[in-house]
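There are 4 protein chains.
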Amino acid sequence: MYGYTSNKEDYLRRLRRIEGQIRGLAKMVDEDKYCIDILTQVSAATKALQSVALGLMEDHLGHCVAEAVTEGGEVADAKVREASEAIARLVRS
Amino acid sequence: MYGYTSNKEDYLRRLRRIEGQIRGLAKMVDEDKYCIDILTQVSAATKALQSVALGLMEDHLGHCVAEAVTEGGEVADAKVREASEAIARLVRS
Amino acid sequence: MYGYTSNKEDYLRRLRRIEGQIRGLAKMVDEDKYCIDILTQVSAATKALQSVALGLMEDHLGHCVAEAVTEGGEVADAKVREASEAIARLVRS
Amino acid sequence: MYGYTSNKEDYLRRLRRIEGQIRGLAKMVDEDKYCIDILTQVSAATKALQSVALGLMEDHLGHCVAEAVTEGGEVADAKVREASEAIARLVRS
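These protein sequences, in sequence, are chains A, B, C and D. Note that the first sequence covers residues 1 to 93 in my numbering. Note that the second sequence covers residues 1 to 93 in my numbering. Note that the third sequence covers residues 1 to 93 in my numbering. Note that the fourth sequence covers residues 1 to 93 in my numbering.
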């Protein structure tokens, strides 16, 4: 059980929609749509993916990190470190 | 014919791979994988999408924008404006 | 006392360096330097700022959020929420 | 003369304001302000910097790149390549 488990259906629904957006992008390329229109859809898919990531991170902080912090000690430090590295990857991607 | 047309097969291949990455993300959620591992894959898919966008933008500048600029006048200004707005959307997403 | 207090001198030193980078940017514009060279320096300053933000966030999670989580209840939920909103602002900026 | 020359005073004014924002950040750290309030200001400064970058890029495309494209040949290709690399650095920072 992780932080996102209770919202699992919601995440699956959002990821299926993003998968559809990517398939739509391939269709646009295949049908020679205008570059800027494709780029607009890429930005939309990227935002949707980021939004999933931010949700997963919030669930992670409120659940896995919170549990580790309550335990304290090295386990807590390691979880905070790990979450911070994942935040850095999100900010830089 | 747009700037990306000559690289169409390459873009389609990369988009199919990203579609697979998104499907993999849904599978990870469905199988209750660890949040941070899912987030790492989200960052990878986001970077792959951005890379497609940057390729499309370069093709667009070297082809559609270049053609408009050679024509000059208002057509050129409008194309530069449109490309700049798309760049802003990429930077902000 | 906040999470960053023990690293205060380090943050101040980094922010002074970023202030110098911004002043350097203004000097480049004033001296009509080449656009791309200015943009390269803007990217460097942006990365330095983000790096400060990621450090502050890690200190915040390991200190303020950790304390609130140990207290538990609504205080903990509010801190996790607040941190998540700040992470979202970083990812989107 | 570059694309941004005619807007030079505007860029200098914006960069001076960002310099003030960075100095304000150092003051907040020095006065032990709350982490999240500092992070909010970091996001604001980052957005202001990005906005300067997007302006410089638009001026660059409409002026330096446009001129090179009108010349054509290898000069044009090199300018489009160079601009695309700068866009990639902006998107990834």
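Take these hints with a grain of salt, some might be off.
Simulated coverage check for chain B against chain D, where a stretch passes if three residues somewhere in it have a Cβ under 8 Å from a Cβ of chain D [to be verified]:
| id | region |
| --- | --- |
| 1 | 59–69 |
| 2 | 74–86 |
With a straight-line cut-off of 30 Å between C-alpha atoms, the simulated BS3-like cross-links for lysine-lysine are [what the hints assert, rightly or not]:
| id | chain 1 | residue 1 | chain 2 | residue 2 |
| --- | --- | --- | --- | --- |
| 3 | A | 8 | B | 8 |
| 4 | B | 27 | A | 27 |
| 5 | C | 47 | D | 47 |
| 6 | B | 47 | A | 27 |
| 7 | B | 47 | A | 47 |
| 8 | C | 47 | D | 33 |
| 9 | B | 33 | A | 47 |
| 10 | C | 47 | D | 27 |
| 11 | B | 47 | A | 33 |
| 12 | B | 8 | A | 27 |
| 13 | B | 47 | B | 8 |
| 14 | B | 47 | D | 33 |
| 15 | C | 33 | D | 47 |
| 16 | D | 33 | C | 33 |
| 17 | A | 47 | C | 47 |
| 18 | D | 8 | C | 8 |
| 19 | B | 27 | A | 47 |
| 20 | C | 47 | D | 8 |
| 21 | A | 33 | B | 33 |
| 22 | C | 27 | D | 47 |
| 23 | B | 8 | B | 33 |
| 24 | A | 47 | B | 8 |
| 25 | A | 8 | B | 33 |
| 26 | B | 47 | C | 8 |
| 27 | C | 27 | D | 27 |
| 28 | B | 47 | A | 8 |
| 29 | C | 8 | D | 33 |
| 30 | C | 8 | D | 27 |
| 31 | C | 27 | D | 8 |
Simulated from the structure, these hints should not be mistaken for lab results. Don't be surprised by glycine CBs; every beta carbon is placed ideally from N, CA and C.
Verification of the hints:
Residue count for the region 59–69 of chain B with a Cβ under 8 Å from a Cβ of chain D: 5. That meets the three needed, and the coverage hint holds. Proximity of the region 74–86 of chain B to chain D, defined as three or more residues with a beta carbon under 8 Å from a beta carbon of that chain, is established by the 6 residues found. Restraint check: the Cα-Cα separation between residue 8 (chain A) and residue 8 (chain B) comes to about 36 Å, which exceeds 30 Å; the hinted pair is violated. A distance of roughly 23 Å separates the Cα atoms of residue 27 (chain B) and residue 27 (chain A); the hinted pair therefore holds under the 30 Å criterion.
Between the alpha carbons of residue 47 (chain C) and residue 47 (chain D) the distance comes to roughly 12 Å, so the proposed pair stays at or under 30 Å and holds. Among the hinted pairs, residue 47 (chain B) with residue 27 (chain A) is consistent with the structure: their alpha-carbon atoms are about 20 Å apart, no more than 30 Å. Distance hint between residue 47 (chain B) and residue 47 (chain A) is fulfilled; the C-alpha atoms sit about 12 Å from each other, no more than 30 Å. For the suggested pair residue 47 (chain C) and residue 33 (chain D), the alpha carbons sit about 23 Å apart, so the restraint of at most 30 Å is met.
Restraint check for residue 33 (chain B) and residue 47 (chain A): satisfied, since their Cα atoms lie roughly 23 Å apart, inside the 30 Å limit. Proposed proximity of residue 47 (chain C) and residue 27 (chain D) is supported: the alpha carbons are some 21 Å apart, at most 30 Å. The straight-line distance between the Cα atoms of residue 47 (chain B) and residue 33 (chain A) is roughly 23 Å, inside the 30 Å bound, and the hint therefore holds. For the given pair, residue 8 (chain B) sits about 11 Å from residue 27 (chain A) by alpha-carbon distance, which is consistent with the 30 Å threshold.
With a CA separation close to 19 Å, the supplied pair residue 47 (chain B) and residue 8 (chain B) stays within the 30 Å bound. Using a Cα cut-off of 30 Å, the hinted pair residue 47 (chain B) and residue 33 (chain D) is violated, with the two alpha carbons roughly 34 Å apart. A threshold of 30 Å between alpha carbons decides the hint, and for residue 33 (chain C) with residue 47 (chain D) the separation of about 23 Å falls inside it, so the pair holds. Restraint check for residue 33 (chain D) and residue 33 (chain C): not satisfied, since their Cα atoms lie roughly 37 Å apart, outside the 30 Å limit.
Among the hinted pairs, residue 47 (chain A) with residue 47 (chain C) is consistent with the structure: their alpha-carbon atoms are about 20 Å apart, no more than 30 Å. This hinted pair does not check out: residue 8 (chain D) and residue 8 (chain C) have alpha carbons roughly 36 Å apart, beyond 30 Å. A hinted pair counts as satisfied when its Cα atoms are at most 30 Å apart, and residue 27 (chain B) with residue 47 (chain A) qualifies at roughly 20 Å. Simply put, residue 47 (chain C) and residue 8 (chain D) have alpha-carbon atoms about 24 Å apart, close enough for the 30 Å limit, and the pair holds.
In summary, the hint linking residue 33 (chain A) to residue 33 (chain B) is not supported, as the alpha carbons are separated by about 37 Å, beyond the 30 Å threshold. Proposed proximity of residue 27 (chain C) and residue 47 (chain D) is supported: the alpha carbons are some 20 Å apart, at most 30 Å. For the suggested pair residue 8 (chain B) and residue 33 (chain B), the alpha carbons sit about 35 Å apart, so the restraint of at most 30 Å is broken. A distance of roughly 24 Å separates the Cα atoms of residue 47 (chain A) and residue 8 (chain B); the hinted pair therefore holds under the 30 Å criterion.
With a C-alpha separation of about 11 Å, the suggested pairing of residue 8 (chain A) with residue 33 (chain B) holds against the 30 Å cut-off. For a cut-off of 30 Å, the pair hint linking residue 47 (chain B) to residue 8 (chain C) is broken: about 33 Å separates their Cα positions. Taking the CA atoms of residue 27 (chain C) and residue 27 (chain D), the gap is near 24 Å; set against the 30 Å cutoff, the hint holds. Note on residue 47 (chain B) and residue 8 (chain A): the hinted pairing holds, with a Cα-Cα distance of about 24 Å set against a maximum of 30 Å.
Restraint check for residue 8 (chain C) and residue 33 (chain D): satisfied, since their Cα atoms lie roughly 11 Å apart, inside the 30 Å limit. For a cut-off of 30 Å, the pair hint linking residue 8 (chain C) to residue 27 (chain D) stands: about 11 Å separates their Cα positions. Annotation: proposed proximity of residue 27 (chain C) to residue 8 (chain D) holds, straight-line Cα distance about 11 Å (limit 30 Å).
Hint compliance for this structure: hints 3, 14, 16, 18, 21, 23, 26 are broken, all remaining hints hold.
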